[in-house]
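J.: If you use the numbering used here, the sequence shown corresponds to residues -19 to 87, in order.
Just so you know, these hints were derived from the structure itself, not from any lab.
Since the model is a prediction, treat every value here as computed from it, not as a measurement.
Idealized CB from N, CA, C, for every residue including glycine.
Hints may be right or wrong, so weigh each one.
Derived DEER-like restraints, expressed as beta-carbon distance ranges [said to hold, decoys possible]:
id	residue 1	residue 2	range
1	0	55	18 to 28 angstroms
2	-12	9	17 to 27 angstroms
3	84	-17	16 to 26 angstroms
4	62	-3	21 to 31 angstroms
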Amino acid sequence: MNHFHYWQDHAGSRPEKFYKTTIWQGEHLMVGLNCLEPGQTQAVHGHEGADKFYLVLAGRGKFTVAGEERDVETGGLVVAPAGVPHGVTNNERDRLSLLVTIGPPFK
-19 MNHFHYWQDH
-9 AGSRPEKFYK
1 TTIWQGEHLM
11 VGLNCLEPGQ
21 TQAVHGHEGA
31 DKFYLVLAGR
41 GKFTVAGEER
51 DVETGGLVVA
61 PAGVPHGVTN
71 NERDRLSLLV
81 TIGPPFK
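Produce the entire structure from the sequences given, and follow the hints as far as they go.
T.: Below you can see the structure in the form of structure tokens.
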């Protein structure tokens, strides 16, 4: 098992929908990377029974959590507890890269 990872090695893009990939998954935790190109959105959604957070690695995004919207830039942490609706949009000119961590169930 690889215990050391660099998020940049997992970055990518898709023109039709934001890019997401799993960097690591264990029994109790999933760590992923989401990359949103300018204009891309992850629709507001929720995860029953699973807490989630986004760490902004690069860029700036408009996050919605529990109906509240905020612009968050590199270094910001956004937390969405289990069952709380959340989503993000990249309204900027550059790619938005997010480290995403979620506890089970992984949906």
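J.: So, for every hint listed, does it hold in this structure?
T.: Against the structure, the hints come out as follows:
1. 0 to 55: 18 to 28 angstroms: holds (21 angstroms)
2. -12 to 9: 17 to 27 angstroms: holds (21 angstroms)
3. 84 to -17: 16 to 26 angstroms: Holds - the Cβ-Cβ distance for residue 84 and residue -17, about 20 angstroms, lies within 16 to 26 angstroms.
4. 62 to -3: 21 to 31 angstroms: Given about 25 angstroms between the Cβ atoms, the range holds.
Hint compliance for this structure: no hint is broken.
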